[in-house]
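Trainee: Produce the entire structure from the sequences given, and follow the hints as far as they go.
All residue numbers for the sequence shown refer to the numbering used here, where the first residue is 1 and numbers rise by one.
Treat the hints as calculated values from the structure; they're not laboratory data.
Incorrect hints may appear among the rest.
In silico EDC-like links for lysine to aspartate or glutamate, alpha-carbon gap of 16 Å or less [unchecked claim]: (1) LYS161 - GLU148; (2) LYS79 - GLU46; (3) LYS24 - ASP11; (4) LYS168 - GLU134; (5) LYS24 - ASP36; (6) LYS79 - GLU42; (7) LYS59 - GLU123; (8) LYS170 - GLU134; (9) LYS53 - ASP11; (10) LYS133 - GLU173; (11) LYS77 - GLU123; (12) LYS65 - ASP36; (13) LYS77 - GLU42; (14) LYS24 - GLU41.
Please read all numbers here as calculations on a predicted model, not as lab measurements.
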Amino acid sequence: MKLFSCKKSNDKEFYHILFNTYYKDVYRAAYYISRDPFDAEEIVQEAFIIAFKNIETLKDKDKFKQWICTIAINLAKRKFQNKKRELLMDETEKVIPFALEVLDHIPLEDHLAQDELKEYIREQIHHLNPQYKEVLYLFYFEQLSYQEIADLLDISIGTVKSRISRAKLKLKENIIEDLGKVGDYSVKGSIG
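Mentor: Now the structure itself:
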């Protein structure tokens, strides 16, 4: 590769040329995994730093593009896994207050341990109609406003409120039906 034949140790111009030559390819690889322009940019910077620090270990200089793109993809995957883990932890913490709000006075926590309750609620949400799942997720877990949800889904605020209300009601009905009678609650007596 011609670029590497002109390299001198710590040659800033050489690194600048490499960066400009491969930036778009590395960005595309990072963005493909991250789907976030800010994360992709951060990953690109990190990938080039790693590549420049370890450039002497690359045996076949003709494979620099593949090598640095692989570095970027691995960094993006790692970042994605970390984000997923953080989101899952955040989501788990939000499930209990959400469940208690939706289920009002149904003493589910008496019947299920906290971890079981979290999993149970997630399962019940999963069984809802997709449009109900979507608004519940956006409102409770992403904490978007009615207006933001309306804009995102291209529906009216009234429709958003209606879907959230119906979703909560349906979730409550499903849980009561699933558990049968809980205390003084029956399917008919507890909803409304």
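Trainee: All the hints need checking, so say for each whether the structure fits it.
Mentor: Against the structure, the hints:
no. : hint            : in the structure
1   : LYS161 - GLU148 : holds, 12 Å
2   : LYS79 - GLU46   : holds, 12 Å
3   : LYS24 - ASP11   : violated, 22 Å
4   : LYS168 - GLU134 : holds, 12 Å
5   : LYS24 - ASP36   : holds, 15 Å
6   : LYS79 - GLU42   : holds, 10 Å
7   : LYS59 - GLU123  : violated, 51 Å
8   : LYS170 - GLU134 : holds, 14 Å
9   : LYS53 - ASP11   : holds, 13 Å
10  : LYS133 - GLU173 : holds, 15 Å
11  : LYS77 - GLU123  : violated, 27 Å
12  : LYS65 - ASP36   : violated, 22 Å
13  : LYS77 - GLU42   : holds, 13 Å
14  : LYS24 - GLU41   : holds, 10 Å
The structure does not agree with the numbered hints 3, 7, 11, 12 stated previously, though it agrees with the rest.
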